[in-house]
Every structure is written in structure tokens, then in C-alpha cells.
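Student: Here are the chains, one letter per residue:
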Amino acid sequence: MLRGKAFKFGDSISTDHIIPGRFAHLRSNLPELAKHVLEDADPTFVSRVKEGDFIVTGSNFGLGSSREHAPMVIKMAGVKAILAKSVARIFFRNAINLGLPVLICDTDRINDGDELEINLGAGTIRDITSGDRFTSGKIPEVMLRILDEGGLIPYIQKYGDFKL
Amino acid sequence: MGKTLAEKILSEKSGSAARAGDIVIAGVDLVFIQDTTGPLTVKQFQASKFKGLTNPQKTVLFIDHAVPSPSKSLSNDHLLLHKFAQQTGAIFSGIGEGVCHQIVAESLARPGDVIVGSDSHTVTAGGMGAFATGMGSSDVAVVFGLGKTWFRVPESIKIALSGNLQKGVYAKDLILHLIGQIGADGATYKALEFGGDSLGALSVPERLTVANMAVEAGAKVGIFPADEITRDYLASQGRGDHYQPVSADTDATYEQTINIDLASLEPTISKPHTVDNTAPLRELKGTKIQQVFIGTCTNGRLEDLAIAANILKGKKIHPQTRLIVAPASRRVLLEAIDKGYIRSLIESGATILPPGCGPCLGLHQGALGDGESCLSTANRNFQGRMGNPEAFVYLGSPATAAATAIAGEITDPREVL
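As you go down the protein sequences, you meet chains A and B in turn.
Position 53 of the first sequence, counting from 1, maps to 53 under our numbering, and the rest follow consecutively.
Position 168 of the second sequence, counting from 1, maps to 168 under our numbering, and the rest follow consecutively.
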């Protein structure tokens with residue numbers, strides 16, 4: 001069970017919003033890179049987000065580049081899950097590969113700052129602030145297995161191959 | 001029941017009857033990284049405890065995003081990739097060679113291949129009949145070690161092309177039009193498969209431009225059949241032996257078919273700050289532009305430089321506008337020199353950059369000032385894309401870019417052709 005605060009973002013948050021190319025020189029210095037997470041979408045986010053919080057966003061989150069640094073800096077900021085109406089293909093796979101869950105649900109029902117409780121296994125979300133309860137779409141089986149191991153690299157360390 | 005191009009290639013490479021929606025494990029024929037996503041790939045590869053690369057001669061490390069390096073941290077990233085190549089036997093493509101997707105098209109991609117790269121524009125090679133897609137560093141690290149990866153076989157949307165492009169209208173206008181029509185998530189998780197009676201009207205470089213931007217509609221791949229035009233292109237690059245015809249079955253099942261009459265298209269612009277925010281150029285005529293950028297994996301090929309140089313030859317760019325040109329590869333640069341395009345561009349006032357990606361993603365070179373607007377032939381215009389969240393990026397064809405550079409404002413290329 002995860003519990004934290006919702007940080008709400010709009011539609012079409014690209015990987016350039018999450019971590020723009022002008023910070024490419026920091027990609028091998030992840031703690032410094034992480035200080036700029038989502039800076040172009042909300043410059044106050046990085047100073048306000050706390051361990052255990054959630055990103056709640058609209059459609060097509062993470063569109064654009066294949067940079068895995070995008071979900072990586074989100075994870076480093078302490079975010080435990082991303083809730084979105086829809087998510088771009090490469091970002092989705094990258095997030096799961098890093099052990100960062102992405103839940104597809106009707107995020108219009110959640111307000112910025114709401115306290116949420118998420119049961120990942122059951123795919124259920126409780127908005128403690130509003131009292132609303134709802135369920136998320138299922139993560140595909142193959143991705144669930146990777147997520148269960150904490151990501152792709154731990155999965156490969158354990159199995160040495162794809163065991164789908 | 002027949003198969004789409006995606007189903008056909010994934011069936012062949014997975015040894016199974018792959019159908020849309022299936023999860024398959026497919027062999028990867030070519031895998032590559034570049035200098036901004038590569039160092040993390042190496043780190044994940046090492047963490048996975050693989051003994052070595054499955055196929056070093058089909059593993060390529062490109063230095064193209066930060067060339068020449070603008071900082072010691074990026075130089076150290078380059079060093080890391082260079083050492084990794086020496087240790088593993090991977091192919092190393094250093095500064096000045098060019099943009100990964102262009103070199104893949106010139107020298108490496110074969111019709112029917114499965115190609116994976118740690119760059120979203122890996123889809124470019126779909127223009128040659130390859131199933132080519134971008135992935136993150138962890139996925140690519142595992143391809144390095146295992147020579148294969150898992151795919152969800154995509155549903156396919158068929159784009160049926162008819163008619164012929166009018167003068168002043170190009171492949172770039174076609175793909176911008178399509179993305180504007182279906183939206184930035186209009187093909188998410190899916191394949192965009194191009195076909196129809198007018199395929200023969202598009203050269204391989206034009207197909208590469210179209211396939212390159214499939215990811216801007218969310219697509220996993222943008223794929224063309226491999227036909228006589230592909231064969232002739234491969235032969236012109238000195239590798240005719242890499243050709244094999246690849247086509248979808250006539251009774252393949254498509255989720256949807258979108259018909260586009262090429263003759264109905266007009267010069268098209270993608271406005272800030274999303275690629276699907278398109279409009280006919282005529283609605284934006286007169287928009288002041290401080291910088292024009294011609295280059296990238298989308299439109300930095302010889303044919304693109306030829307179009308721009310022919311418009312700019314004997315003319316001067318507007319005094320309030322900068323023109324930056326980055327040829328997509330060393331081969332493109334050399335041929336553009338031989339044909340006089342580079343001279344025409346420089347004489348018109350252009351600044352020539354070494355082959356590479358820098359300005360497109362705002363990494364270095366050509367960063368915009370506050371409130372400035374750029375007309376770019378690249379593929380993305382997200383806020384902050386060209387180094388400054390307070391700037392604006394418009395996307396258009398090389399002809400639109402050249403006409404705009406002369407006038408200092410967005411200009412219909414048909415006025416100068």
C-alpha cells in the first residue's frame with residue numbers, strides 16, 4: 001500500500017519538460033540532474049515533492065525522447081507511482097524497467113494536493129481527501145513480472161533471460 | 001489471413017506466427033546507442049553481468065548528439081563509450097561521422113531487419129522496410145547482452161497514399177499533416193504502415209523523413225515496404241546485396257486505413273509547443289523568425305540541402321535572421337560540397353555546423369534567446385526543446401526554411417520556387 005500526495009500536471013508533458021536536453025551534460029551526474037526534474041513544467045515541483053508522493057497527469061505523459069533519465073529522475077525525486085490518462089510508449093516501458101509503476105486511470109477525479117492511497121496489486125486508488133475510490137487499468141502481464149522484480153535489470157540478474 | 005509488415009517481420013524474427021496483440025521475443029539484427037543515452041546503457045549492461053555483446057559487429061556506438069563535445073562531462077561520456085567499444089569490439093562512430101539514423105540508413109539498415117536503438121527516432125529506418133524502434137537504455141542494454149527483446153506486436157494503421165505532391169510541397173508536409181490529423185498519441189503502441197498507389201512517388205530519403213516522425217504520433221514503427229526504389233537506393237549506397245523485397249500481404253488486417261491524396265496537401269507548419277499543433281503555412285505567413293535551422297535526422301540529407309541551396313543560391317538571408325545548417329552525415333556534407341550546395345548556403349549567409357544533432361534538442365549550438373522563434377526542419381517543438389523554455393519552435397520543410405530565412409518571416413516556398 002502506497003500513500004502520498006498528488007502533484008497534478010496537465011496533458012502532453014514531454015520528456016523535454018521532465019528533463020530537457022540542455023541538461024544533457026548532467027546525465028552522468030544523476031543527483032545533480034535530478035534537481036531539475038520537471039523544472040520547465042513546474043519550477044517549484046522539485047522543492048515541494050516528498051518521498052512517497054505521486055505524479056498525477058493527463059494524456060500522453062512522457063511523449064518524446066527515449067531518455068530513460070526521465071523516469072529515473074522522477075523516481076529519484078521520491079515519486080512512487082505515476083497516474084495518467086494515457087502514457088507514451090517508450091516512457092511506459094522505461095518506467096516499468098526502472099520499477100516505477102504507471103497506472104492508467106481517470107485522473108480528472110483527482111485534485112492537486114489530494115492525499116492518495118494506492119494498492120498496486122489490486123490496482124485500486126483511494127482519494128482520501130475527496131473520499132473517492134476507483135480502479136486503474138491493468139498493467140500488461142509481461143510488464144508486471146518485470147515490475148515485480150523491481151525492474152528489468154534485477155529481472156535479468158535473476159533469470160538471465162526473458163521468461164515470459 | 002494475411003499479415004501486415006510489422007506482423008511479417010516479427011513473425012520471421014521470432015519464429016512464431018505473430019499477430020497484433022501477441023507478445024513475442026524477436027531477434028535483433030542491429031542495435032545502437034548514442035552519446036546521451038549510451039552511457040546509461042553501458043552502466044545497465046555492466047549491472048546485468050553479461051559476459052559480452054551478443055553481436056559486436058551489429059552493435060554500434062554513435063557520438064552525434066554533442067559534437068564536438070561542449071563540456072568535460074560530455075567528453076567523459078564520450079570517453080566511456082570509446083573505452084566500451086575497445087573492450088567489447090562494438091563499432092564506434094565518432095564525431096563528424098554524423099547522426100546515428102542517417103548512418104544507419106546509409107550503411108547499416110536492411111529491409112526486413114529488426115533494429116533497436118536508444119533513441120526515439122530509430123523509427124527512421126522504417127523508411128527502408130525495417131522494423132525499427134526506439135527504446136530506453138535498460139532495454140537496449142539487454143539487447144546488447146541477449147541479442148533479442150520482447151515486443152507486443154502492434155496493430156497497424158495503413159496510410160494509403162494516392163496522387164502526387166504539388167510543387168513546393170514535400171514529404172515533411174505530408175508527415176506534419178498526418179500527425180496533425182491523428183494527434184500526438186494517434187498511433188500510440190501502433191504501427192503506421194505506408195502504402196497505396198503513390199508509394200513510388202516517394203524516394204527513400206523522403207520515406208526516411210516520413211518514418212522519422214512516426215514517433216511524433218506515438219507510433220512504435222513507421223514502416224514502408226521495400227521495393228524497387230529501396231533497391232535502387234541501396235545500390236546507390238554501394239550495398240545492393242542488402243536488398244530483399246518486403247511487403248505486406250494484400251489481405252492483411254488493419255485497425256484503420258487513412259487515405260491521403262498527396263495532391264491535396266499544401267505547405268504545413270507545426271506550431272509551438274506540440275508537433276500535432278499543425279496549420280497550413282498560409283495561416284502563419286508573416287510570423288517573424290529570428291533563427292532558421294536546417295538539418296537533423298528528419299531533414300539533413302543531401303536532397304534537403306539541395307532544395308534549400310537552390311532557393312538560397314544568389315540570395316541573402318534576412319539581416320534579422322540567422323541560418324544554421326547541420327548536414328546529417330559526413331557523406332552528406334562531402335557530397336553537398338561537391339555539388340556546390342555548401343557554397344551557395346554559406347554565400348547566402350548560412351553558418352555550417354559539423355554533422356550532428358546539437359541544436360535540435362537544445363544540447364548545444366543554436367540555443368534560442370528569450371522570446372525568439374525558430375523555424376526548424378527537425379521533428380520536435382516541445383517547450384524548451386531548443387535550449388530555452390521561453391522560446392518558440394515552428395517545424396517545416398527545408399524549402400519553407402529556406403524561403404523563411406530570406407524573408408525573415410514564415411514564407412510559402414512556392415513564392416520563391
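Treat the hints with care, since some could be wrong.
[To be verified] Chain A side only, calculated, beta carbon under 10 Å to chain B, not exhaustive: (1) Ala-24; (2) Leu-98; (3) Ser-130; (4) Phe-134; (5) Phe-162.
By construction, these hints were calculated from the structure, which means they are not laboratory data.
The beta-carbon is built from N, C-alpha and C at its ideal position, and this holds for glycine as well.
Student: All hints, please: hold or fail.
Tutor: Structure-based check of each hint:
1. Ala-24: It holds, given that the least Cβ distance between Ala-24 (chain A) and chain B is near 5 Å, below 10 Å.
2. Leu-98: Hint on Leu-98 (chain A): holds, closest Cβ of chain B at ~7 Å, below 10 Å.
3. Ser-130: violated, 27 Å
4. Phe-134: Nearest chain B Cβ about 22 Å off; hint violated.
5. Phe-162: This interface hint holds because 5 Å falls under the 10 Å limit.
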